[in-house]
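Trainee: Assemble chain E onto chain X, guided by the hints.
Heads up: the sequence lines are chains X and E, in that order.
For what it's worth, this note's numbering labels the leading residue of the first sequence as 1, then goes sequentially.
For what it's worth, this note's numbering labels the leading residue of the second sequence as 1, then goes sequentially.
For the record, the hints were derived by calculation from the structure and aren't laboratory data.
A few of these clues could be false.
No copy labels: a pair is met if it fits in one copy or bridges any two.
[To be verified] Straight-line C-alpha distance at most 30 angstroms; calculated BS3-like pairs for lysine-lysine:
hint, residue 1, residue 2
1, K41, K182
2, K339, K41
3, K209, K38
4, K208, K41
5, K113, K31
6, K38, K56
7, K99, K58
8, K209, K30
9, K93, K209
10, K182, K336
11, K209, K56
12, K31, K336
13, K339, K30
14, K209, K41
15, K208, K336
16, K102, K209
17, K209, K266
18, K58, K209
19, K113, K30
20, K93, K58
Protein chains: 2
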Amino acid sequence: LVDQNMSDFRELFFELHPTDQIEILNSVTKKQRSAIYKYVKPEEFAEIFQGLEVTKQKLYISELQQNYAIDVINNMPYDDVADFLAELPETTKDLYLSKMNKEDSEEVIQLLKYDDQTAGAIMTTEYISVSSTDTVGNVMERIRLEAPEAETIYYLYVIDEQLKLVGVLSLRDLIVSSLDQKIEDVMLTRVRSVETHTDQEEVARMMKKYDFLAVPVTAQGKLVGIVTVDDIMDVVDEETEEDFGEISAARGSLDANISAFSAAKKRSPWIIMLMFLGLVTAGVIGEFEETLEAVIILAAFIPLIMDSAGNTGTQALAVVVRGLALGTVDRSSVGKLLKREFGTGLMLGVICAITLLIVVPFLYPEGGIMLAAIVGVSLFITLSLATMVGAIVPLIINKLKIDPAVASGPFITTINDIMGLIIFFSIATALLDYLPQ
Amino acid sequence: LVDQNMSDFRELFFELHPTDQIEILNSVTKKQRSAIYKYVKPEEFAEIFQGLEVTKQKLYISELQQNYAIDVINNMPYDDVADFLAELPETTKDLYLSKMNKEDSEEVIQLLKYDDQTAGAIMTTEYISVSSTDTVGNVMERIRLEAPEAETIYYLYVIDEQLKLVGVLSLRDLIVSSLDQKIEDVMLTRVRSVETHTDQEEVARMMKKYDFLAVPVTAQGKLVGIVTVDDIMDVVDEETEEDFGEISAARGSLDANISAFSAAKKRSPWIIMLMFLGLVTAGVIGEFEETLEAVIILAAFIPLIMDSAGNTGTQALAVVVRGLALGTVDRSSVGKLLKREFGTGLMLGVICAITLLIVVPFLYPEGGIMLAAIVGVSLFITLSLATMVGAIVPLIINKLKIDPAVASGPFITTINDIMGLIIFFSIATALLDYLPQ
Numbered sequence: 001l002v003d004q005n006m007s008d009f010r011e012l013f014f015e016l017h018p019t020d021q022i023e024i025l026n027s028v029t030k031k032q033r034s035a036i037y038k039y040v041k042p043e044e045f046a047e048i049f050q051g052l053e054v055t056k057q058k059l060y061i062s063e064l065q066q067n068y069a070i071d072v073i074n075n076m077p078y079d080d081v082a083d084f085l086a087e088l089p090e091t092t093k094d095l096y097l098s099k100m101n102k103e104d105s106e107e108v109i110q111l112l113k114y115d116d117q118t119a120g121a122i123m124t125t126e127y128i129s130v131s132s133t134d135t136v137g138n139v140m141e142r143i144r145l146e147a148p149e150a151e152t153i154y155y156l157y158v159i160d161e162q163l164k165l166v167g168v169l170s171l172r173d174l175i176v177s178s179l180d181q182k183i184e185d186v187m188l189t190r191v192r193s194v195e196t197h198t199d200q201e202e203v204a205r206m207m208k209k210y211d212f213l214a215v216p217v218t219a220q221g222k223l224v225g226i227v228t229v230d231d232i233m234d235v236v237d238e239e240t241e242e243d244f245g246e247i248s249a250a251r252g253s254l255d256a257n258i259s260a261f262s263a264a265k266k267r268s269p270w271i272i273m274l275m276f277l278g279l280v281t282a283g284v285i286g287e288f289e290e291t292l293e294a295v296i297i298l299a300a301f302i303p304l305i306m307d308s309a310g311n312t313g314t315q316a317l318a319v320v321v322r323g324l325a326l327g328t329v330d331r332s333s334v335g336k337l338l339k340r341e342f343g344t345g346l347m348l349g350v351i352c353a354i355t356l357l358i359v360v361p362f363l364y365p366e367g368g369i370m371l372a373a374i375v376g377v378s379l380f381i382t383l384s385l386a387t388m389v390g391a392i393v394p395l396i397i398n399k400l401k402i403d404p405a406v407a408s409g410p411f412i413t414t415i416n417d418i419m420g421l422i423i424f425f426s427i428a429t430a431l432l433d434y435l436p437q
Numbered sequence: 001l002v003d004q005n006m007s008d009f010r011e012l013f014f015e016l017h018p019t020d021q022i023e024i025l026n027s028v029t030k031k032q033r034s035a036i037y038k039y040v041k042p043e044e045f046a047e048i049f050q051g052l053e054v055t056k057q058k059l060y061i062s063e064l065q066q067n068y069a070i071d072v073i074n075n076m077p078y079d080d081v082a083d084f085l086a087e088l089p090e091t092t093k094d095l096y097l098s099k100m101n102k103e104d105s106e107e108v109i110q111l112l113k114y115d116d117q118t119a120g121a122i123m124t125t126e127y128i129s130v131s132s133t134d135t136v137g138n139v140m141e142r143i144r145l146e147a148p149e150a151e152t153i154y155y156l157y158v159i160d161e162q163l164k165l166v167g168v169l170s171l172r173d174l175i176v177s178s179l180d181q182k183i184e185d186v187m188l189t190r191v192r193s194v195e196t197h198t199d200q201e202e203v204a205r206m207m208k209k210y211d212f213l214a215v216p217v218t219a220q221g222k223l224v225g226i227v228t229v230d231d232i233m234d235v236v237d238e239e240t241e242e243d244f245g246e247i248s249a250a251r252g253s254l255d256a257n258i259s260a261f262s263a264a265k266k267r268s269p270w271i272i273m274l275m276f277l278g279l280v281t282a283g284v285i286g287e288f289e290e291t292l293e294a295v296i297i298l299a300a301f302i303p304l305i306m307d308s309a310g311n312t313g314t315q316a317l318a319v320v321v322r323g324l325a326l327g328t329v330d331r332s333s334v335g336k337l338l339k340r341e342f343g344t345g346l347m348l349g350v351i352c353a354i355t356l357l358i359v360v361p362f363l364y365p366e367g368g369i370m371l372a373a374i375v376g377v378s379l380f381i382t383l384s385l386a387t388m389v390g391a392i393v394p395l396i397i398n399k400l401k402i403d404p405a406v407a408s409g410p411f412i413t414t415i416n417d418i419m420g421l422i423i424f425f426s427i428a429t430a431l432l433d434y435l436p437q
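So that you can see chain X by itself, here it is in the shape it has in the complex (with noise of 0.2 angstroms):
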């Protein structure tokens, strides 16, 4: 394809969707791409380079030619240049800001001004606003001429003098009005909106439930910008991401694109440190020495305590990494969700702890039934306390801000099994004497 001449090149070229034309992009050699930043003008690679992701977009941009960079940049939409700048270095950053046009890099400037992860962040600028005296058939006059500008039409926003969002409207209802009616006859006036400052997950979470197609973003009452679904739905792949990599222990490592190597960097700093918290638990059980020199088949039911104790932690941290990112653990309900958590422990427990009252003695009649109760106790103890360590650490990560990684399956599974351990070895070490040694 690329080694056409310009004008088959062309043809074929932009009969694909944008999306097709980055992977192309992605698959050639440096001399292809040359060829292509030739055959396609600035306006139309700017199309491309928005969709590209960011290690991708600073390699391209370092091939072009100043002025043709310039020429992409002021082609992109405005919350598209400030993911792109937000990534480079203070100076180059700056640099690309002063070659752009005046006003175009005023509106750039103001996105990059707010918070990762927020509404401000995620929003774009390029939406379509009326006024609520204009008539139906004016708007759609307007929407004719605005239409290859606004990031999407199908909402439009109705704003008072004072840039106040006052109502909005879809474009199914503008064009089921007859053309004379006055915006005020056909908008809604009850309007849901988020605030810059609002988390992305929120504005997921409110995109969901009402099925918007977009959402407006407010400052102080004043519509500044809208988030669309499609950024609504790059939005929903991170957190899941983030939620998987914080269950697993393998945050930032789910690619599975890279390299062995790069995959063996990521996730080794984890199983170290995990390693060692294993070196802990090595230490629990070194201190409990002599009773397992006195009683050597509790060592077989290690396995059996910290499994349990990890299992029951990580399903209940589960339930609460889910709910945090749905949204149905909030404040309000986090008492009644502890409750329930406890509750559940202790119904698991009893459960656990009454198969290995029958079980053990059956496969390990040496224990006697002193064996059975000890671990049965023990577990059930356990799991009592496995499953609000579970619900809990990650609702203090989460209330704190802390690093949620402290809150990883991994890490808990661990704090129960020392934890379990610790309980098992206790009662196994103060009931000694009424067990055959």
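Mentor: Coordinates of chain E only, in the frame set by chain X:
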């Protein structure tokens, strides 16, 4: 709100978004609901009913008079009717189908034929299709008429005389065109579509990749429906829920709002099954009782081996489960991924082994260098294999379409535990004479 008179109630109630109307309905008593049914017309209630959860739908429809209920169903979109009826017992389903308008019931029967979790099952048949020889002006007029019925008016699908899908255009394209242009001159002929049997995850991936608001569904090239982005958001949530349950053995019990008893009931089968697997692990340790008796300090390393094997396995599992969900792992890339994971496992093994060779002689000087060597080498072999187990098991499960619970995090962890302990104790037993006893 509910206790007011009819006109006041209607005024307040219909100012609300259907999602909020649902919340009111779900929060009032049965008696108050009867009042609502009286105040709200069937065609208005249909709007609310289609957004309810199935359990609520079943409850509320049983509270309605039959004629009212039939009217509600007749006024719902076909896909929502099909989703609801699919959950009813055969006889009730047939009753409703027989009372519905004939034309509507035929459409619904057609939809009920599609397999769960496919494009056919989640699509709607209420789309707008146009002919390529129509003019823009004619189509605009048709949209004005059909807008209240159609699920989306923002994409229009162009079909030929055989109902084959030949093009697509967005309302945006339509609006910026002049009224006398022919549809064939403004439509895109490269249409991406899915088949009725396409998996819903595949549909979600395509819509996310191309930022589509809707995608057409075909059967033998004929257009039969569309899937819209709000349906896809629900699919994404559903699939994330599945994947989360898979990692944490909490499948089907991630809901934060069920009672402690229900939560315990749903989680206990996993915990008990895993506890029995823990007893297998106990058996493995029992087999090596003599070795343990000779060198009791070996017991201290049981948690270390188990934790590290479990953690590397879970990381690999998380990568594969996410990769399958996002579509970054497919047939062509599986070989590459496995090679990658094997390499990663080797590297993680080397790093951990070296760390232990340094740390263990310092922490456990009584074990000498030989103890460190046994622990280090065991961990190296275990981690190399554990990573592969974590990657391969979910791939096989996915290929064989078995219940993915078998590939859940805790199961893989337990398999890796058993493997790791066998390796560790086998090596220790073989080298027992070289260990200080």
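Trainee: State for each hint whether it applies.
Mentor: Against the structure, the hints come out as follows:
1. K41 to K182: For K41 and K182, only the inter-copy Cα distance (29 angstroms) is at most 30 angstroms; the intra-copy one is 41 angstroms.
2. K339 to K41: Answer is neither; intra-copy 62 angstroms and inter-copy 41 angstroms both fail.
3. K209 to K38: between (46 angstroms within a copy, 27 angstroms between copies)
4. K208 to K41: For K208 and K41, only the inter-copy Cα distance (27 angstroms) is at most 30 angstroms; the intra-copy one is 38 angstroms.
5. K113 to K31: Neither, since 37 angstroms and 52 angstroms both go past 30 angstroms.
6. K38 to K56: Classified as within; 18 angstroms inside a copy, 60 angstroms across copies.
7. K99 to K58: This pair counts as within: shortest intra-copy Cα distance 17 angstroms, inter-copy 62 angstroms.
8. K209 to K30: For K209 and K30, only the inter-copy Cα distance (25 angstroms) is at most 30 angstroms; the intra-copy one is 45 angstroms.
9. K93 to K209: between (37 angstroms within a copy, 28 angstroms between copies)
10. K182 to K336: neither (49 angstroms within a copy, 61 angstroms between copies)
11. K209 to K56: between (34 angstroms within a copy, 17 angstroms between copies)
12. K31 to K336: between (62 angstroms within a copy, 27 angstroms between copies)
13. K339 to K30: Classified as between: cross-chain Cα gap 28 angstroms, same-chain 60 angstroms, threshold 30 angstroms.
14. K209 to K41: between (41 angstroms within a copy, 24 angstroms between copies)
15. K208 to K336: Intra 25 angstroms, inter 36 angstroms, cutoff 30 angstroms: intra-copy only.
16. K102 to K209: This pair counts as neither: shortest intra-copy Cα distance 39 angstroms, inter-copy 33 angstroms.
17. K209 to K266: between (36 angstroms within a copy, 26 angstroms between copies)
18. K58 to K209: Between. Shortest inter-copy distance 21 angstroms satisfies the 30 angstroms Cα cut-off; intra-copy 36 angstroms does not.
19. K113 to K30: Answer is neither; intra-copy 35 angstroms and inter-copy 51 angstroms both fail.
20. K93 to K58: Answer is within: at 12 angstroms inside a copy they meet the 30 angstroms cutoff, but 58 angstroms across does not.
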